[in-house]
Amino acid sequence: MIKSKAKLLQLTVTLTACAFLFIPTVMSVMAGVTANYFKGISSGVTLKWVFQVWELYADSIFLSLWLALACLVVTFIIGLPAAYGLARHPGWFSRVLEEFISLPLAVPGLALALALLQLYGTMKGFRTSWTFILVGHVLYTLPFMVRSILAVLAAMDLKTLEEAAASLGASPPRRFLNIVVPNAMPGILAGALTVVTLSIGEFNLTWMLHTPYLKTLPVGLADSYASMRLEIASAYTLIFFIMIVPLLMAMQWASSRAQRIAN
Amino acid sequence: MTNRTFIVLCLVPLFIFSIAFLALPLIRLFLASGEGAAGWSVYLDILRKPRYLNTLILTVLVSLATTFAALGISTTAGMFLARNQFKGRGVLLSILTLPLAFPGVVIGFLIILLGGRQGLINQITPGHVVFAYSILGLFLGYLYFSIPRVLLTVMAAAEKLDPSLEEAARTLGASPYRVVKDVILPGLMPSLIAAGAIAFATAMGAFGTAFTLATNIDVLPMVIYTEFTLSANIAMAAALSISLGLVTWVLLLVARSLSGTTVAAGG
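So the protein lines, in turn, are chains U and Y. If you count the first sequence from 1, position 174 lands on 174 in the working numbering, and the numbers rise without skipping. If you count the second sequence from 1, position 138 lands on 401 in the working numbering, and the numbers rise without skipping.
Keep in mind that the hints were calculated from the coordinates and are not lab data. Wrong hints could be hidden among the right ones.
Claimed, not checked - Coverage of chain U stretches by chain Y, computed from C-beta distances (three or more under 8 Å per stretch; other residues unrestricted):
| no. | segment |
| --- | --- |
| 1 | 163-176 |
| 2 | 196-207 |
| 3 | 235-249 |
As the list claims (entries may be wrong) - A short, non-exhaustive set of chain U residues, derived as facing chain Y with CB atoms under 8 Å:
| no. | residue |
| --- | --- |
| 4 | S4 |
| 5 | T14 |
| 6 | I23 |
| 7 | S28 |
| 8 | F100 |
| 9 | L105 |
| 10 | A106 |
| 11 | A115 |
| 12 | F132 |
| 13 | L134 |
| 14 | P212 |
| 15 | L214 |
| 16 | M228 |
| 17 | L230 |
| 18 | A262 |
Said to hold, decoys possible - Which bits of chain Y does chain U cover? Going by a derived footprint, with three or more residues having C-beta under 8 Å, they are:
| no. | segment |
| --- | --- |
| 19 | 290-296 |
| 20 | 327-340 |
| 21 | 354-361 |
| 22 | 365-377 |
| 23 | 482-489 |
| 24 | 506-516 |
All values derive from a computational prediction rather than experimental measurement. Note that CB positions come from ideal geometry on N, CA and C, so glycine has one too.
When you get a sec, could you build the whole thing from the sequences and use the hints?
Below, the structure written as structure tokens:
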């Protein structure tokens, strides 16, 4: 397989990069199920730490799941019609609007969180409720939902399809529900999986927006890294991996499928 | 209801949401940056006061180092994986893209497992080798974050590159080094610039990784955070955020115009 020195060098770099990314991940998983990390895996395999994490942080795990679901619903309700509007009304206004809502992809979450805190921080009822964190998550994930659907809609001949339906007497809302939504499905699926994956892992905005009573999974992770023993921090990370890795895989599958359809 | 009214109605929720939770807060943040004791010269203070200037220089240097390291590693690995079919290729590719879903805090923890007091390197080497909380640890954390993102961009570009060009160069007697320098790199260049801009912008604004690792290092996101929470210097925190946001936004705009890809920032 290895024909030359150049190939050997490439292989070495690739394997080193893999080792760099994979070894700490494996260590984290192992530490989460090791009875005593200082003594090593020979001290026994246990689920004790996982259960302890569950006792300590189950609330934050459920809050994250709830937020991800709520975020999905909101981004869907706002994003689906918006993507349709942007696809059917191309022009400077749509371009500016699309560019503008994509700002949260570029501007660091910390800055966005400060902006939200500056404007709404004094509204006590809103500031301390879970909906404040939800706003941050929607802000961050909405561009993914809109762009994912828009890419699929832009690739098909929406206008002709709609004209055909209109000539048969379908009203605009009916055309939207019966023609646009079914055709946009691959984009909606890819967008939805992206939104959920990103929402569950979101830390930068959430750390600034959360209150002591509302800790999400990643906020709890940061908390455990700072104050818990290594085994508990690792077990908590393990739970996070178990949640996020299948989501990532589903997201990559759905995105490449949507992309194939869009092209 | 006419067609046009319906389309406009479809855009209304997005418009309202982005005005209420994006435009107005950002305007408020900008105004807040001028409301401190220093007034609008707070933006000059970033360059005048050593604490902020040093922070800026350090952040740019670490981000540059991350960018070039990630480009070097990911281009090499990406080209290798794109041009060779072998057993285990899929596994290597999965390992290299798996961290896409890891938030910055988790990556910080993984670096602690490598280079912390109880870390792997400290266990297997003689003496006391702890680097997780140093600038090296931070650099490795950013690198961890960037490798998968750059790799995907490079591999997407490599697939569009015509392998027959490389073969032609080789038949004409070009050395592997010349093939890389004169054929592959020029073909990949727009994607490499785009991926580099993304890596740089992400490293500049990475909060999660810095939050776990940079307890004693002044990088921009950590300084913004401490100015806001500990010093209650809201004007400076706002001014630094606005400046940082402008820089990352412009960089990603350049990246997108060159490659057309969108990769989530954050971390």
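Can you give the numbers of the hints that this structure goes against, from lowest to highest? Per hint list: 12, 13, 14, 15, 16, 18 violated.
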